[in-house]
Every structure is written in C-alpha cells, then in structure tokens.
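S.K.: In case you want the letters, here they are:
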Amino acid sequence: MILEPYLLVAASLFCIGLYGILTSRNVVRVLMSLELMLNGVNLNFVTFSSFLDPYELKGQVFAIFVMAIAAAEAAIGLAIVLAIYRNRDSVDLEEFNILKW
Amino acid sequence: MTISETTQTLVTNVLEVGILTGALGVILLPSIVYAAFLLGGVLGGVACLYILLNADFLGAAQLLIYVGAINILILFAIMLINPQTDSSREGASRLTSVSAAGVSGLLAVGFLQVILQTPWATPSIRIEANPLPILGGHLFGDFLLPFELISVLLLVALIGAIVLARRETQFGTLGQDTDMIARPKGESK
Chain B
1 MILEPYLLVA ASLFCIGLYG ILTSRNVVRV LMSLELMLNG VNLNFVTFSS FLDPYELKGQ
61 VFAIFVMAIA AAEAAIGLAI VLAIYRNRDS VDLEEFNILK W
Chain X
1 MTISETTQTL VTNVLEVGIL TGALGVILLP SIVYAAFLLG GVLGGVACLY ILLNADFLGA
61 AQLLIYVGAI NILILFAIML INPQTDSSRE GASRLTSVSA AGVSGLLAVG FLQVILQTPW
121 ATPSIRIEAN PLPILGGHLF GDFLLPFELI SVLLLVALIG AIVLARRETQ FGTLGQDTDM
181 IARPKGESK
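Protein chains in written order, with this note's numbering: chain B, 1 to 101; chain X, 1 to 189.
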C-alpha cells in the first residue's frame with residue numbers, strides 16, 4: 001500500500017489532459033481533455049486524504065466540490081458549444097476569432 | 001476494503017494501465033465518438049480507483065455524475081453537432097503540437113521528480129473507517145457555506161445552460177437545417 005502509483009497516474013492524467021487541450025481544435029475534445037485534468041486533480045485529492053489524512057478526510061470533501069463545479073462547467077460549456085455551432089456552423093477553435101482583436 | 005495486499009496491487013496496476021491508455025486514446029483518436037466512449041471507460045476506471053482508496057461514496061458519485069451525466073451530455077453534444085466538421089482535427093500545426101508536447105513533458109518531468117523524491121510519511125496501518133459519516137459531518141459542519149454556495153452555483157448553471165441552448169422561436173428562424181434533422185419524418189407539429 002504505497003501512494004506513489006496513484007500520484008503518478010494522477011499526474012499523467014493531468015499532463016495528458018493538458019496536451020489534449022493545447023493541441024485539439026475541436027471544442028468538444030477540449031472539454032473532454034478538461035474532464036481528464038479535473039479527474040487527475042480529484043484523484044490526487046482522494047489519494048492524499050486516504051493516505052495522509054484518514055481521520056478528517058477533507059480531501060474527499062474538496063473532491064465533491066470539484067465534481068459539482070465540473071458538472072456545472074460541462075453543462076455551460078456544452079450549451080455554449082451548441083450556441084456557437086448554431087451561429088457559425090463549425091466547432092473548430094481556429095475559426096472563433098470574433099473576440100480576438 | 002478487506003482484500004489482500006497483492007490483489008489490491010495487481011488490481012491497481014491493471015486499472016492504472018487501462019486508465020492511461022484510455023486517456024491517450026481520448027486525445028489521440030481521430031474519431032471523436034470513440035474518444036467519448038473511451039472517456040467513459042477512463043472515468044469508470046477512476047471510480048474503481050476511488051473504491052480501492054476507501055472512498056466508496058466518491059466512487060459512486062463519480063459513476064453517477066461523470067459517467068452517467070457528463071459523459072452522456074458530451075455524447076449528446078457530439079451527436080447534435082455534425083461529425084464531418086471533425087475532419088480538420090489533424091490540422092493542429094506542427095509547431096503547436098511540438099510546443100504542447102514540450103510543455104506537457106516538462107510538467108510531467110517536474111511532477112515525476114517531486115513525487116519520487118519526496119519522502120512520503122505514510123502511516124503503516126491504514127484506518128479503514130466508514131468515510132460517509134465523516135463526510136456528512138464536514139458537509140453540514142465546517143464546510144456548510146461552500147456547500148450552500150455550490151447548490152446556488154448549480155442552479156445558476158442550470159438556468160444559464162437552458163438560456164444559452166434555447167432556440168429562438170421566431171417564425172423565420174424555426175425551420176433551420178438542424179431542426180429538420182432533429183424532427184422525425186412523420187411527426188407533425
């Protein structure tokens with residue numbers, strides 16, 4: 001029962017999600033990568049609360065809060081994606097530049 | 001969980017390999033529908049890791065919220081959006097992908113150093129208490145204000161999502177292309 005494997009998989013999930021956010025041009029895939037990053041953070045929280053704070057478990061409370069924020073973010077994000085697709089007929093991030101300059 | 005050490009290590013390793021391959025598939029597969037299904041698998045694997053970590057409630061919440069709600073929502077969004085527009089996904093320029101890989105790799109190397117070099121003071125005996133009463137005490141005790149704020153935020157997000165995704169129902173804009181696809185043939189208004 002050591003905690004390094006959990007931390008390693010959490011860090012890998014975070015880095016994979018970051019790479020996905022930086023490279024993908026589809027908005028839905030960006031949202032999926034964001035979920036990966038949030039899951040990495042959550043896994044870190046739960047690992048630390050389970051190994052280093054087994055009486056208080058405050059990390060799990062924060063994980064619950066992160067989950068609620070993630071649910072709200074996914075709903076709002078996908079609604080925005082649908083609205084953009086209805087206006088511009090595209091979900092390509094390179095074409096959304098109306099607020100750029 | 002009262003399972004033996006070797007079994008737990010074995011299950012953990014298998015789950016971790018599955019999660020990492022699934023996550024790579026999520027960001028690398030050209031078909032976004034497959035990526036969404038793989039994302040469901042990754043989220044389920046993380047839920048199993050939570051259960052192994054003696055966080056049963058979080059595992060169940062992960063299954064309900066992520067796999068049951070967010071992943072299904074993403075699948076619905078993919079199906080509402082024309083999938084042919086995904087063909088330009090490889091168009092991320094070489095400079096972009098190389099620099100993104102550099103940033104992620106640097107971050108990963110930093111994490112690796114920190115994780116492997118820190119002497120973690122793990123207790124030798126783990127307390128296998130039921131986490132649910134402790135969580136409930138936190139949520140209705142010292143974390144009561146964030147808990148209520150989260151509920152207000154979820155309400156605001158719900159209303160905001162409805163307002164954003166609502167179609168304008170003027171007569172001229174109702175019969176657009178996506179509307180025709182969404183409505184079955186024989187159904188009358």
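No lab work stands behind these hints, which were simulated from the structure alone.
Be aware that a few hints might be false.
The calculated DMTMM-like cross-link candidates involving lysine to aspartate or glutamate, where the alpha carbons are at most 25 Å apart (straight line), are [said to hold, decoys possible]:
{"id": "1", "chain 1": "B", "residue 1": "K58", "chain 2": "X", "residue 2": "E148"}
{"id": "2", "chain 1": "B", "residue 1": "K58", "chain 2": "X", "residue 2": "D56"}
{"id": "3", "chain 1": "B", "residue 1": "K58", "chain 2": "X", "residue 2": "D142"}
Computed Cβ-Cβ distance ranges for the label pairs, DEER-style [unchecked claim]:
{"id": "4", "chain 1": "B", "residue 1": "N97", "chain 2": "X", "residue 2": "P119", "range": "22 to 30 Å"}
{"id": "5", "chain 1": "B", "residue 1": "E95", "chain 2": "X", "residue 2": "G137", "range": "47 to 55 Å"}
{"id": "6", "chain 1": "X", "residue 1": "A69", "chain 2": "B", "residue 2": "L99", "range": "23 to 31 Å"}
{"id": "7", "chain 1": "X", "residue 1": "Y34", "chain 2": "B", "residue 2": "E4", "range": "29 to 37 Å"}
{"id": "8", "chain 1": "B", "residue 1": "E95", "chain 2": "X", "residue 2": "V14", "range": "37 to 45 Å"}
{"id": "9", "chain 1": "B", "residue 1": "E95", "chain 2": "X", "residue 2": "T122", "range": "43 to 51 Å"}
{"id": "10", "chain 1": "B", "residue 1": "N97", "chain 2": "X", "residue 2": "G105", "range": "37 to 45 Å"}
{"id": "11", "chain 1": "B", "residue 1": "F96", "chain 2": "X", "residue 2": "W120", "range": "40 to 48 Å"}
{"id": "12", "chain 1": "B", "residue 1": "P5", "chain 2": "X", "residue 2": "D56", "range": "15 to 23 Å"}
{"id": "13", "chain 1": "X", "residue 1": "V14", "chain 2": "B", "residue 2": "A83", "range": "40 to 48 Å"}
{"id": "14", "chain 1": "B", "residue 1": "I69", "chain 2": "X", "residue 2": "V109", "range": "22 to 30 Å"}
{"id": "15", "chain 1": "X", "residue 1": "F140", "chain 2": "B", "residue 2": "L3", "range": "23 to 31 Å"}
The beta-carbon is built from N, C-alpha and C at its ideal position, and this holds for glycine as well.
S.K.: Run through the hints listed earlier and report the numbers of any the structure violates, in increasing order.
M.R.: The structure conflicts with hints 4 and 10, although it agrees with all the remaining ones.
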